[in-house]
Amino acid sequence: MDRRGTALTSAGRSARWPRLLPYGWLAFGGALTFLAIFFAYPLVEILRRSLFDGWSPDLGAFSEVLGDDYFRGRIFFSFWLALVSTVATVALGLPSAYVFAHYSFPGKTLLRSVSTVPFVMPAIVVAFGFIALFGPDGLVNDGLRWLLGRDDAALDMIGTFEVIVLAHVFYNYTIVMRVVSGFWASLDPRLAEASHVLGAGRWQTLRHVTVPLVAPAVAAAALLVFIFSFTSFGVVLILGSRDHATLEVEIYRQTAQIFDLRVAGALAMIQVVVTFGFMLLYTRLQERSAARIDFRQQLRERAPGSVLARCAVVLNALAVLLVVLSPLLALVHSALRVDGHYSTAAFENLFSGESATLRLVAPETAIRNSLAFAGLTVLLAVPLGTAIAYRLAAQARYSFVLDAVLMLPLAVSAVTLGFGFLIALDEPPLDLRASWLLLVIAHSLIAYPFVVRSLLSVLRGINPRLREAAAVLGAGRLRTFTEVDLPIIWRALVVGAVFAFAVSLGEFGATLLLARPEYTTMPVAIFRALGQPGPRALSEALAMASLLMLVAGAGFILIERLRYRGSSGF
Amino acid sequence: MATLQLTDIGKSFGDQVVVDGVSLAVSDAEIVALLGPSGCGKTTVLRIVAGLEPEYEGSVALDGDDLRGVPPNERDFGLMFQDLALFPHMDVAGNVGFGLRMLGVPGPERAERVARLLELVGLPGKERRNVFDLSGGERQRVALARALAPEPALLMLDEPLAALDRNLRDALALEIRDVLKVVGVSGLYVTHDQEEALTIADRVAVMNAGRIEQVARPATLLREPASEFVARFLGYQNLVPLDNNDFIKLLAGLPGGSAPPASLVLVPEDAISPTPEGKLVARITTIQPRGRRLDVWALLEGFDLHLDLPAAVHADLQEGVELRLTIDQDLLHLIPHSPAIEP
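Just so you know, the protein sequences line up as chains A and B, in that order.
Mapping of the first sequence onto numbering that gives the first Met the number 0: residues 0 to 569, in sequence order.
Mapping of the second sequence onto numbering that gives the first Met the number 0: residues 0 to 342, in sequence order.
These aren't lab readings, by the way, just hints derived from the structure by calculation.
Keep in mind the model is a prediction, meaning the values are calculated, not measured.
No residue lacks a Cβ here, since even glycine has one placed at the ideal position from N, Cα and C.
Hints may contain errors.
[Claimed, not checked] Taking CB as the label site, the calculated pair distances span: (1) A:Trp79 with B:Gln15: 48 to 58 Å; (2) A:Arg478 with B:Gln15: 30 to 40 Å; (3) B:Ser134 with A:Gly28: 43 to 53 Å; (4) A:Tyr40 with B:Asp14: 56 to 66 Å.
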C-alpha cells in the first residue's frame with residue numbers, strides 16, 4: 000500500500016485525458032480500409048467494366064459471352080471439371096477419413112502430416128510433378144518402356160482431362176480427409192450405440208444415423224474442393240491442352256494475350272458470382288454442422304481388429320503415400336536425371352550464370368524475388384489477418400456473415416484479382432502497376448485468410464477474464480497484449496505466417512498477370528522455362544521446381560511442428 | 000489507507016437495468032460482502048469498481064477521488080475472479096509475481112515477496128509448479144496471492160469459492176478472511192451464499208434486482224432483516240401477515256411502533272422451541288429430513304409454521320401429531336411487506 004500515493008496521482012492524471020481509442024478497432028478499421036481499396040474496389044471496377052459503358056448500363060459483354068458457343072463451352076467445362084474433380088476427391092477421401100477417424104495404427108500422425116503436404120505445394124510444383132510422373136519421359140512411361148520393352152511413350156497423359164482431375168485430387172484430398180475425419184471422430188459414439196440398442200441393424204444405423212450426421216461435413220468439404228477446383232489455374236494451364244481451358248484460364252488469355260478486357264471482365268464476373276454463391280453455401284453448412292452436434296464424448300480410436308480392417312488401414316496408407324508422394328518424388332527424380340544419367344548438372348546450371356533456359360531472368364534473381372515477396376507478404380498479411388481475426392473473435396452476433404465476407408479473397412480467383420488490379424490501380428494516386436508493392440498486396444490478399452483461420456480458433460478459446468486479470472494487476476492495453484495474448488497465440492501466429500509465406504511463394508495466377516520481368520518469381524520463371532525449346536530448359540525448370548518444393552516442404556514441417564495437436568480446421 | 004465510496008451506481012445493458020441506484024461504502028480494512036441471488040447485479044457492481052465496465056451512472060470514489068475514466072490497470076485494486084483466470088502460460092511464481100512485474104519491482108525483491116505471499120496462503124515453496132497441476136483449493140490460494148501481491152488498496156473477490164465443494168468452501172472462507180485481516184486490506188466480497196457472506200464479512204449488503212435492500216453487520220442482519228426478500232434470502236420462512244389476527248394474538252411481545260397493516264411478523268426458526276410445557280399447540284403437517292436437521296411444518300392458528308429441528312433429538316416426531324411449543328417473543332421482528340418479491 001506504500002505505492003498508493005503514486006497510483007492515485009497517475010489515476011488523477013489519466014482521468015482528465017480521454018480514453019485511448021481501442022487499438023483493436025483502429026487495427027480493424029485499417030484492415031477494412033485496406034480491403035476496401037485493394038479488394039472491393041478492383042472487383043467493383045471489374046463489375047463496372049463488364050456491366051456499364053462509361054456510366055450507362057451495357058450488357059453487351061455479357062450477351063457476347065453468353066451467346067458465344069466457345070465461352071459457353073468454357074463455363075460448362077469449368078463446372079464439369081470441378082464436379083468430376085470433387086466427386087473423385089470425395090470418393091478417395093471418404094474411406095481415408097473413415098480409417099483416420101476410427102483406427103489407431105503406427106505412424107498415424109506422420110501419415111496425417113504427409114497427407115497435408117500438397118496443401119502447401121505451389122501449383123507449378125504440382126504441375127511439374129505430374130509432368131515428371133505421367134509425361135512422355137516420365138517415371139510411369141519409363142517403367143512401362145522397361146516392362147513392355149517398347150520405345151514410345153505408352154501412356155502420355157499430359158494434356159488430358161484425366162491428369163487435371165488427378166492433380167486436383169492430389170491437391171484437395173487432404174481437405175476431405177481432414178475435415179471429415181475430424182468431424183467424424185468428434186461425433187458422439189453413443190448416438191450409434193443408441194441406434195443399435197433401439198433395434199437398428201448395422202446398415203440401418205449407417206443409413207439413418209451416421210450418414211445424416213456426417214453429411215454436412217462431407218458437403219462442406221466437397222464445396223471447398225469444388226471452389227478450389229473451379230478456380231484452379233496453374234495446374235489447368237500447364238497440364239491441360241487448349242480444349243481444357245477453364246474460366247480462369249480464359250480470363251488470363253483474354254487479359255494477357257488477347258487484351259479484350261470487356262470479355263475478361265464479364266467472365267471474371269460470372270466466376271465471382273458462382274464462387275461467392277458456393278462460398279456462402281459453405282459457411283452456412285459449416286454453421287449448421289457445428290451447431291447441431293453434441294461433441295461431448297469422443298469416438299474412441301481402436302486398433303484394427305478384423306482382417307478387413309487391417310486391409311483398410313494398409314490400403315489407406317498406400318493410397319496416401321502413392322497419391323501424395325509419387326508426383327513429388329517423380330519431380331526430384333526427373334530433376335536429377337540429365338540425358339539418362341543421374342547428375343546434379345541441372346541444379347548447377349541454375350547457378351552457373353550460363354543458364355540456357357531462363358533467359359528472361361537469372362534464376363537467382365527469381366529466387367531472390369520469391370523470397371523477398373514472401374517475406375514482405377508475411378509482414379503485411381500477418382497484421383492484416385490478426386486485426387481481422389481479433390474482430391471476428393470478439394464479434395458475438397452474425398459473426399458467420401462477417402466471417403464469410405472477410406474470407407471472400409479465398410473464393411475469388413487469383414487471376415481475377417490480378418485482373419482487377421490491372422484495371423483499377425492504373426491511375427494516380429494509385430498507379431501501382433509498375434510497383435513491386437502490387438505483387439505484395441496481391442499475395443497478402445490471397446494469404447491473409449490463412450492467417451485468420453489459423454488464429455481464430457485459438458483467439459476464441461482465450462478466456463477474456465485473463466485479459467481483465469492482467470488489466471486489474473496493472474497491465475495496460477499493449478502490455479496485456481504482449482503479456483497475455485502473445486504467449487498464447489504465438490504458435491498460431493507463426494503457423495499463419497508460414498502459411499502466408501508458402502502461399503506467396505507458390506502464387507502463380509496473379510503474379511503471372513502482374514509481374515514485370517524484373518519482378519519475376521520462381522513459379523513464373525519455371526512457367527516461362529516451359530515455353531523454351533530444348534531438353535535443358537525442361538531439366539532446369541524441373542530443378543527450380545524441386546528447389547521451390549524443398550522450401551515449401553521446409554515451411555510445411557515448421558507448420559506441422561507448431562500446429563496445435565488435433566486442430567483440423569481450414 | 001483506503002475508503003471506497005459508491006454513490007448511486009446505475010448500469011443498463013440495452014433496456015435491461017442491471018444495477019439501480021447502489022450506494023455503498025467500504026471503510027479502511029473492512030470486509031464488506033455483496034450478497035444476492037445470481038443475476039441480481041452484484042458482479043456488475045464489482046466490475047464497475049474494478050474499471051472493467053467503463054460506462055455507468057453515479058460515482059466510484061477512492062478516498063474522495065472519483066475514479067471515472069481511470070483504466071483498470073491504473074486503479075489500485077485487486078480482483079479475484081470467479082473462474083480465477085490464472086495465466087496458463089506461467090507457473091505459480093509467474094502468476095503471483097505478475098502484478099509486481101507490472102509495477103517494475105526488480106527480480107530478487109519480487110521473488111522474495113512472492114515467497115512471502117505463498118507462505119501466507121499456505122503454499123510455501125510451490126513457486127515453480129505448473130498451475131494445471133494444482134488442486135482446486137491450491138489454485139484458489141494462488142489466485143488470492145496473485146491478487147494481493149501488488150498490495151492493493153482494496154481487494155475484490157467475485158464468488159471465488161463457487162466452484163469448490165462444501166467442506167473446502169467453509170475452510171477456505173475462513174482462511175481468506177484471516178489472510179485479508181493479516182494483510183489489513185479492505186475487501187469487497189461478492190457471493191450468493193449467505194453462510195459464506197456471514198462468515199467472511201464485517202458488514203453484509205444484500206442485493207436484489209439491481210438494488211441494495213439492506214446493509215448491516217451479520218448479527219444485525221440476522222436479527223433485523225429489513226425486508227421480506229432479505230428475510231427469505233437468509234432462510235427465514237415464517238413471515239406472518241399482520242392481518243392474520245388469530246395467530247397474531249398469540250404473540251404478546253410484538254415490537255413497538257405503529258406498523259402499517261400490510262406488515263409481516265418474522266418468527267425466526269430459532270425463536271421456536273418444542274417443549275412439553277409449551278402453551279401453544281400446533282399440529283404437525285409435514286416432516287422432511289434434511290441431513291442432520293429436520294424441516295417440520297406445523298399448523299398453528301391457520302398458519303403453517305416452519306420449524307428447523309435437530310434430527311437426532313426429534314426422531315420420534317410424526318405427521319398428524321400435536322406438538323407443544325414456546326416462542327421467544329424477544330426475537331420477533333416486524334418487516335414492512337414488499338410485494339412481488341421472489342425469495
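Of all the hints numbered above, which does this structure not satisfy? Sort the numbers upward. 4
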